[in-house]
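Protein chains in written order, with the working numbering: chain R, 1 to 269; chain E, 270 to 518.
No lab work stands behind these hints, which were simulated from the structure alone. Hints may be right or wrong, so weigh each one.
Claimed, not checked - Derived pair list, reagent style DSSO-like, types lysine-lysine, alpha-carbon separation capped at 27 Å:
| hint | chain 1 | residue 1 | chain 2 | residue 2 |
| --- | --- | --- | --- | --- |
| 1 | R | Lys264 | E | Lys370 |
| 2 | E | Lys451 | E | Lys401 |
| 3 | E | Lys516 | E | Lys451 |
| 4 | R | Lys261 | E | Lys370 |
Chain residues, written in single-letter form:
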Amino acid sequence: MSRELTHALIGFFGVIAVLGGVFLAAYGGDSLDAVIVLTNRASLLLIGSNSFDSVGGGFLANIGISLASMVVATVLGVSLGGATTAPNPMVRNTAILVVNLMRNSPWLVVLYAMLYLIPFRLSIFGTEYWVSPAAKAVVGLSVPVTAYMSEVFRAGIQSVPDGQWESARALGYRRGAILRRIILPQALPQMIPNIMTTYAMLFIGTSLVVVTGTKDVLSVAKTVIASDGDDYATAVYLFVLLLFFIYCYPIATASRAIEQKIRKAGLHG
Amino acid sequence: MAEPIPPIVQLTDVRKAFGSVEVLKGISMEVDAGNVVCIIGPSGSGKSTVLRCINGLVSINSGSIRVDTHQVETLRTEKMLVPLRHDVSMVFQQYNLFPHKTVLENVLMAPIQVLKRNPDEVRSLAESLLAKVQLADRGDAYPGQLSGGQQQRVAIVRALAMEPKVMLFDEVTAALDPEMVKEVLGVIRDLANEGMTCILVTHEMRFAEEIADRVYFTDGGIIVEHAPPKQLFHNPEDPRLRAFLDKVL
Ligand SMILES: Nc1ncnc2c1ncn2[C@@H]1O[C@H](COP(=O)(O)OP(=O)(O)OP(=O)(O)O)[C@@H](O)[C@H]1O
Ligand SMILES: [Mg+2]
Numbered sequence: 001m002s003r004e005l006t007h008a009l010i011g012f013f014g015v016i017a018v019l020g021g022v023f024l025a026a027y028g029g030d031s032l033d034a035v036i037v038l039t040n041r042a043s044l045l046l047i048g049s050n051s052f053d054s055v056g057g058g059f060l061a062n063i064g065i066s067l068a069s070m071v072v073a074t075v076l077g078v079s080l081g082g083a084t085t086a087p088n089p090m091v092r093n094t095a096i097l098v099v100n101l102m103r104n105s106p107w108l109v110v111l112y113a114m115l116y117l118i119p120f121r122l123s124i125f126g127t128e129y130w131v132s133p134a135a136k137a138v139v140g141l142s143v144p145v146t147a148y149m150s151e152v153f154r155a156g157i158q159s160v161p162d163g164q165w166e167s168a169r170a171l172g173y174r175r176g177a178i179l180r181r182i183i184l185p186q187a188l189p190q191m192i193p194n195i196m197t198t199y200a201m202l203f204i205g206t207s208l209v210v211v212t213g214t215k216d217v218l219s220v221a222k223t224v225i226a227s228d229g230d231d232y233a234t235a236v237y238l239f240v241l242l243l244f245f246i247y248c249y250p251i252a253t254a255s256r257a258i259e260q261k262i263r264k265a266g267l268h269g
Numbered sequence: 270m271a272e273p274i275p276p277i278v279q280l281t282d283v284r285k286a287f288g289s290v291e292v293l294k295g296i297s298m299e300v301d302a303g304n305v306v307c308i309i310g311p312s313g314s315g316k317s318t319v320l321r322c323i324n325g326l327v328s329i330n331s332g333s334i335r336v337d338t339h340q341v342e343t344l345r346t347e348k349m350l351v352p353l354r355h356d357v358s359m360v361f362q363q364y365n366l367f368p369h370k371t372v373l374e375n376v377l378m379a380p381i382q383v384l385k386r387n388p389d390e391v392r393s394l395a396e397s398l399l400a401k402v403q404l405a406d407r408g409d410a411y412p413g414q415l416s417g418g419q420q421q422r423v424a425i426v427r428a429l430a431m432e433p434k435v436m437l438f439d440e441v442t443a444a445l446d447p448e449m450v451k452e453v454l455g456v457i458r459d460l461a462n463e464g465m466t467c468i469l470v471t472h473e474m475r476f477a478e479e480i481a482d483r484v485y486f487t488d489g490g491i492i493v494e495h496a497p498p499k500q501l502f503h504n505p506e507d508p509r510l511r512a513f514l515d516k517v518l
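Please take these sequences and the hints and turn them into a complete structure.
In structure tokens form, the structure reads like this:
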């Protein structure tokens with residue numbers, strides 16, 4: 001464990017050092033000025049407001065959108081993944097078709113499509129709702145991620161031996177109960193690394209939501225550059241890169257560690 | 270004159286095809302309550318499929334299967350099959366215990382969750398059954414911590430906890446080391462002596478001869494010959510049965 005942790009830490013600080021090096025190379029003697037700009041704009045980039053007592057977007061919006069999309073994609077992905085293993089060929093083939101359709105849609109295209117497909121105002125039972133850009137972003141990102149999650153679940157379900165289904169059926173369990181009580185609890189540990197990898201990928205994908213008009217970190221970055229000048233564009237984008245890296249790297253590293261642990265456990269019985 | 274008691278399991282001209290391959294080509298079989306029937310035959314002859322048809326794991330193409338009051342081929346949905354699964358339990362070659370549940374949970378789950386039985390009653394039944402197979406102290410163990418023979422005894426207990434009228438055993442000793450075969454066969458012998466109706470697919474010919482009331486020999490999806498064990502093993506009529514016995518005895 002400790003050796004892997006050392007490697008992970010070297011990787012973590014190594015990448016940060018590289019970003020720092022690029023920063024110094026780009027700004028040379030003006031580095032201090034750039035640092036001051038970043039310090040002044042940090043709260044705006046992180047939480048979308050100038051003081052830390054109110055929240056308007058920024059990197060926090062990316063986190064919120066990613067979590068919301070992940071919840072939606074997980075719920076829909078379980079059902080869809082279950083349907084792709086259904087005994088009924090109609091249900092199964094429809095589900096497989098839907099998965100393939102969703103999985104092969106370019107993320108950016110889906111996001112643009114949501115922009116025009118979902119109206120700004122939605123009237124449900126006479127009540128008018130204003131559909132925020134963030135909500136559209138969540139819907140748009142959920143489309144491809146639902147497909148990935150359903151594949152993760154399908155693979156997990158199929159990793160459990162057929163004998164488990166058979167003995168559960170012989171005990172009188174029905175399909176839904178077998179999935180819930182017997183198959184998923186066994187499949188879940190194996191799915192965790194894939195779920196985490198999918199989430200890291202989704203998180204990186206949140207950088208695309210800028211096209212929906214959400215006040216995510218990238219749109220804030222554009223505003224900052226517009227007001228502080230193009231000279232600081234490199235610094236701002238390096239900072240955004242750093243944020244994404246700090247958030248995603250531990251997830252990716254942990255998922256790899258868990259995967260290895262599971263593989264070892266599998267080998268040793 | 271008393272009415273003759275009808276057999277508890279009755280298969281009549283059962284046919285089953287997987288795709289275009291006909292695996293069962295007209296199987297008829299009768300098992301009286303309290304009897305032990307063994308099915309022997311070469312690999313691929315359809316023995317496991319017969320058992321799976323009896324508890325509705327496999328649906329048949331034609332013919333009929335009756336188990337006690339259940340007309341199996343008419344049970345089309347999983348929900349309709351539940352009462353049948355209550356009366357017919359099955360034990361598999363690979364044990365198929367649930368690895369994420371303890372021994373006791375494996376035994377308790379289905380009676381409580383499927384049959385909605387009273388948890389306290391099921392628990393005391395489970396404990397006495399586990400004690401009977403010398404596993405009273407292993408209730409909290411996980412299946413992975415047990416030997417193959419112990420796992421198979423747990424699987425038998427799990428099947429018995431459903432309080433079935435008929436027990437199906439599909440080569441339950443085939444995956445076991447020789448020293449563990451005995452302990453599992455011992456459990457089945459006790460069950461048979463207590464009057465449980467048992468249908469066994471087995472390669473243990475001596476055990477079949479000792480325990481069975483009747484032995485069925487299958488080959489190529491049909492019942493070639495059936496008779497009480499003495500006659501079938503010592504006076505086989507069909508040349509296919511003779512060739513088979515020459516090979517396995
Ligand atoms: N679900 C299935 N789909 C397709 N073919 C099947 C299926 N189950 C069984 N078969 C085929 O049916 C035939 C009979 O299988 P079955 O398992 O009943 O034989 P068996 O007598 O139990 O053999 P063994 O002694 O090897 O266990 C085999 O050829 C097998 O390949
Ligand atoms: Mg078999």
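*What are the numbers of the hints the structure violates, in ascending order?*
Going through the list in order, the structure violates no hint and respects every one.
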